[in-house]
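K.L.:
Take the given structure of chain A and dock chains B, C and D to it, following the hints.
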Amino acid sequence: MPVYDGKELRIVGFLCNWCSYGGADTAGVARFHQATDLRIIRVPCSGRIDPLFILKAFQGGAAGVLVSGCHPRDCHYAEGNYYARRRLELLKRFLPVTGIDPERFEYTWVSASEGPRWQHVVQTFTDRIHKLGPAPLLSEPLTDAEMVEFQRQVEAGRGCGCHI
Amino acid sequence: MSQQKFLASQSIGSFLETLLREHRVLVPLCEGDSVVFRPFRKGGGLELTRMPTTSPKEATFPRVETLMSFTQKVSAPQEEDGGKERPEIELTEHLPQDSTVVFGSRPCGAKGKTIFSRVYDTEAVKDPYFIARRDNTLFISIACSAPETTCFCTSVGGGPADSTGSDILLIPVTDGFMAEAVTEAGAKLMESAFFDAGTQKAEEAQAVVERAETKLGQAQDFSNAREKLLKLFDNESFWEEMSAKCISCGTCTYLCPTCYCFNITDETAGNTGKRVRTWDNCMDYLFTLEASTHNPRSSKAKRLKNRVGHKFSYYPSLHEEHIACCGCGRCIKSCPAAVDIRQIVKSAQEYEDVNI
Amino acid sequence: MKGLEELKDKIHEILPDLDLVIGWEQGYDGLHATPLFIKTPEDVDRLIIGPLCVHNLATYLPGLKDKKVGVIVKGCDSRAVIELLQEKLINKDNVVILGLTCDGVINLTKLGRKIGSLGAVDDVKVEGEKLNVVIGDQQHNIAFSEVKQDKCENCIYPNALVFDHFIGEPVDRVENVGAEHQSLSDFEGKSFDQRFAFWKHEMSRCIRCHACRNACPMCVCRDHCVAMTRNPHWLSQENNVAENWMFQMIHVMHLTGRCVECGECERACPMDIPLMLLRRQMNRGVREVFDYEAGIDAQNRPPLLTFKVEEDNISEREW
Amino acid sequence: MRIGVFICHCGSNIAGTVDCAKVADAAKAFPDVVHAEDTMYACSEPGQQGIIDAIHEKNLTGVVVASCTPRMHEPTFRRAVERAGLNKYMFEMANIREHVSWIGKDKELNTNKAIDLVMMAAEKLRHNAPLMAKKFDINKRVLIIGGGVAGIQAALDCAEGGLEVVLVEKTTSIGGKMAKLDKTFPTVDCSCCILGPKMVDVAQHPNITLYAHAEVEEVNGYIGNFEIRIKQKTTYVDWEKCTGCGLCMEKCPSKKSYDHFNNGVGTTTAINIPFPQAIPKKAKIDAEYCRMFTKGKCGVCAKVCPTGAISFEMTDTEVTENVGAIVAATGYDLFDHAKYPEYGAGKYPDVITSIQYERLMSASGPTSGHIKRPSDGKEPKNVVFIQCVGSRDKSVNRPYCSGFCCMYTAKQAILTKDHIPDSRSFVFYMDIRSPGKDYDEFVRRSIEQYDTQYIRGRVSLIYPQGDKMIVRGADTLAGAQVEVEADLVVLAVGAESAAGAPQLAEKLRISYDSYGFYMESHPKLKPVETNTAGVFLAGACQGPKDIPSSVGQGSAAAAKVLSLFSKDQLESDPQIALVNASRCIGCYKCVETCPFGAVKEEQDRFNNPKARVIETICQGCGVCTVTCPQSAIQLQHFTDNQILAEVKALCPSMMVKN
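So the protein sequences, as listed, match chains A, B, C and D. The first sequence lines up with residues 1236 to 1399 when you count with our numbering. The second sequence lines up with residues 7 to 362 when you count with our numbering. The third sequence lines up with residues 120 to 438 when you count with our numbering. The fourth sequence lines up with residues 148 to 805 when you count with our numbering.
All the pointers check out, no bait thrown in.
Keeping only pairs whose Cα atoms sit at most 27 Å apart, straight-line, the calculated DSS-like set for lysine-lysine is:
id: 1; chain 1: C; residue 1: K211; chain 2: D; residue 2: K747
id: 2; chain 1: B; residue 1: K308; chain 2: C; residue 2: K186
id: 3; chain 1: A; residue 1: K1242; chain 2: D; residue 2: K252
id: 4; chain 1: D; residue 1: K205; chain 2: B; residue 2: K79
id: 5; chain 1: D; residue 1: K169; chain 2: A; residue 2: K1242
id: 6; chain 1: C; residue 1: K158; chain 2: B; residue 2: K352
id: 7; chain 1: D; residue 1: K254; chain 2: A; residue 2: K1242
id: 8; chain 1: C; residue 1: K158; chain 2: B; residue 2: K308
id: 9; chain 1: A; residue 1: K1366; chain 2: D; residue 2: K254
id: 10; chain 1: C; residue 1: K187; chain 2: B; residue 2: K308
id: 11; chain 1: D; residue 1: K747; chain 2: C; residue 2: K184
Here are some of the chain D residues that sit facing chain C, going by a computed Cβ distance under 7 Å:
id: 12; residue: R730
id: 13; residue: I732
id: 14; residue: E739
id: 15; residue: T740
id: 16; residue: P776
id: 17; residue: Q777
id: 18; residue: S778
id: 19; residue: D787
id: 20; residue: N788
id: 21; residue: S800
These are computed hints drawn from the structure, not numbers from a lab. We put the CB at the ideal spot given by N, CA and C, even for glycine.
Same shape as in the complex, but just chain A:
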């Protein structure tokens, strides 16, 4: 469906219903202009966000994923964002090994009243993703150059040594 005309990149947002989704609403009500790339998935609580949803989005070619929940201490469910914070922090620190630039993923806290902050977050994150450009795709075959490089590495001694 999406026709981006090179103007947009696929950015997925996961927002908790009570704070950040409300913050995005507040920003909308105040007509705070924002980049259009972001598509928001509403969940009840940041504690509902499985880091695997984020990886699933990257698997499907997302250029960036943004998570936002209630500020610590303000969770509607008292503790959900504390669990989220641990999970998301570890995901962020894990990403480099996969080759997905950890800058493509961010998590933050925006309350329902923080319309200006939401605008700032969206704009900053969107700008950042545009600087990084489209994400590398798992579905795209390796280039010839990459294949040759891997073969070279095998020959350099990682695997067996016998070749014709």
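P.N.:
Chains B, C and D alone, transformed into the frame defined by chain A:
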């Protein structure tokens, strides 16, 4: 035996390049620390000494194939349907068209497809996908000169230079291979100028094969395994003991040249979808899980029993005593727990029921 | 690993009260040990210990929940037992732990790189720091340190951390202790694009046999793994790079804060995919953020099952 | 599934920057969508009827409305589809107003984004399942925490409405801050005279159970069925026996005890009744000062008590009360001016707070209503009032306006003149904030009729000189430094959240802002509700408030409780976690992470361990769902498959060519 020709090691690359014009060419390649069958690339390397980690069955039975794809549309409301829309589905069948040459498989690996044929190409059942691939794939196998501790081809009706399933059999000799056409298609390929009829190293070739046969040692006699295994069908403690160390993964089945089970699933995205066939694994709990949640093979003991039983008992009883195993030993060699199928069959053969 | 006779004596002593004891025996050739399930005193004779005893036998414990089981563990294996106890996935009352001290176990992939094909090994002997590999009339003498498993290189836990009976004398180890494995910093030498391509290349080889999962002592979902269901539909059955990659992501995410780095996933992988890179990176994060290591103390709370209102090492990024 | 999609123009709110017809057209091609149209106002009566008609005509089994935020109209549309006979959870909303049309002007990009959002909603809807609410009984009792004027009002209104009320007060008497005030603005009527009768009503009302000198220890349960553990702190006086005669106070030899009620103006006895109108009028021993506790011997009170009520062995006790709703009315505390070194950091006896000044003026106070400055007991002639002490000052993390200080300062200036006709009052102020009925007139009166001198500017320093306090400040209107010789300085300290407010909020599972004030559910439309069902707010615990607002909120909270209890049963939200027992391996990670203790360890008929969710306790956060590695526990309406459907709609990975 038809006439043997010499294929020099140094001309293999050029020979394969000529094949690329008409065929997809799969060759064993080092990838990481494994040896896998991959499309041959001009100037690319080859790994012909180590036994490939994966079997060449991928050439005729890929890990995953799209059988068909479909698109769903909703037509405008039709009067004859009472003003309701009628879903329309467009189907596209993906019958394999490519012609493939597998170069560098071992005889055991090439033999695998013959075990498939007895199941997927019968009077009653014709699997068009398998048949199309099989009929469009040529195997240029290399006779085995270095049998491994896991090899037991001679115990299951094969041998280091068994040509069953191959189109050309190559026997390694100094500086190259002695080639022997097994099929007409193979003979046709051997008309290539890279095959030299002038160099004769038949004796050396013969010695190589004999050395390998010696190394393999005494073949295990599996002839009474069929009934012994059947007798043990209800012996739970025997199978629990045999399967104790099995971790229920799919290494054995997925690396096996003869395991032919598959799963079919439909995957959709929006209005489009596809029907995919993937390898399935009888060692997995889900293999026989029924919709009611009942599972006739709920334990790994029952599943291992099935795998061993199928290969050495049920299949032979259905298919003229042919054992559904080519003796390549991949299931032993790559098993994370070093489960040894030879030992299991032997234990079954030697089992004496103290209660009888 | 020392104390085979002492171990055998101990097993003879405790076997009458147990359903079985899990150990190792020689496998089909000189290079392979294989798990041994000891039920009778005669079985005890087949027991071996040594550098070939790579298998983490703790993996079998959750599947034997209703049995009284003795299990022989190396230091690294004992961490899996602790983690299982910590998560209440096994009942301590039903497990008798026989702890060993260990000088490292062999990595056959590394050995393969040294001597080519491992298909016909007759015998392997450890002589001091040397490994003597016999293939027919050939002999290969290799420094054991070069073919040890990665986890053994910087091992801090040569002795079983939890045990009911300790066999032999605990050893001290001081060299390189706790250092992060070299592979991670080596890998960081690559650009993000190179790393991404690396995994695409590795994942193209994955046959989705799930050996990594089933060999993992912490993968306790077993028959209910989310990789095997359409509800939820995280993965399709397709064996392609994207789905294989996603499977590994699921595996590593589900091991967050639980992985004891026993390396069984990588060892079990028939396609030699370097899965431990992923684990090490995740464990590095767990260490940095929570100052936590899995499988050290059964009283610890796994980091993802708890939280702190003020986290010590998570600084909220400002915008 | 047969999905109908409705794209709302919202007048020009959406249609101005989104091509709604094009979105509807695109939606027609989505899987299972059999009807798509754009509509002017989906939420209007004809708009809703259009949806209902379409459901009937096209046999729709699910509906997507693309319009404003679901936080606004999701309940509206759910009711509409329910009226048409569908389960209300077979509905999804795409937010194309707040998240699209209002934040971007590029119509093409907006339209494209709207199409994506509709596609996500439709894909999620394809994985929705009908959900049924369960009904449960309500315990029609209400807990009110805090016996200030807001709590008193809420308690009386609820009790009058026929509810049983449990009122918990932290100190030994209800009355709160209002009981300490001399007069109230702008009417200058006697605070205790108007509050006193209400306090008596509380004491006498048959429906009200009062726990004074008690605190809420633990809150369990959920709307309709809370279980409250209350700690009854020890008083060392058996209140069953104490008649409040006051004989003990007369005889108590420890007469230098800190007087909490009078905020340290004057002293009291170790055993005391805080003030004559206290409810309950019972004595309490302050162990910090009691000689029996500090020196180990005395016991005079025990000897003189005519009813033998004194018990030095008494300890804290606990009671459990079951209620169906909770009103938090915990009030506020006053800013501690010791944080301001320029005002003497609390060292100068003649620099006092406004509440201490109230006690000095109060006829029932320690000086019997004669204004005597603390240092030497002289009557002050020059009184300087400094406003915004701990208000509107970022440097002490109090950037907010406390709202009532301008008014009480004006009142105190007037009363000063009433008490001491030859006195002069000076007020240093930043701005005068007097938005209330008769408020500004009252301030004018203070300036014009009572000759209060208002100086616009902040005070930079107060220092003693002889027996005077020199107040040096700026007069920003005159553009000059001014120094005033004061006999007494009164600091108009601002309001801050009550000590322990965050801890109580965590027990109640309600949120609070960074200053510790409790968060209302919606700043305009739900001012006394919280985001935790069944917990309401009244008074200054939500933010600084004057008496009329606090009383208004007390009544509002009572009205909310009464309307909640007008039904016999409540419906539980079915958007809660559910365990698929066939996938559950009984690892109980969910039990460990559930913030509400809603997951229980059970065994199935084969003795396999399985988790089970207690429906009425689960709040639907979904923490458990992420914890569960087998995805066996799924948050209904936000299942893995439902969220995955949205992710996959945006980031399709499935269609890789094999």
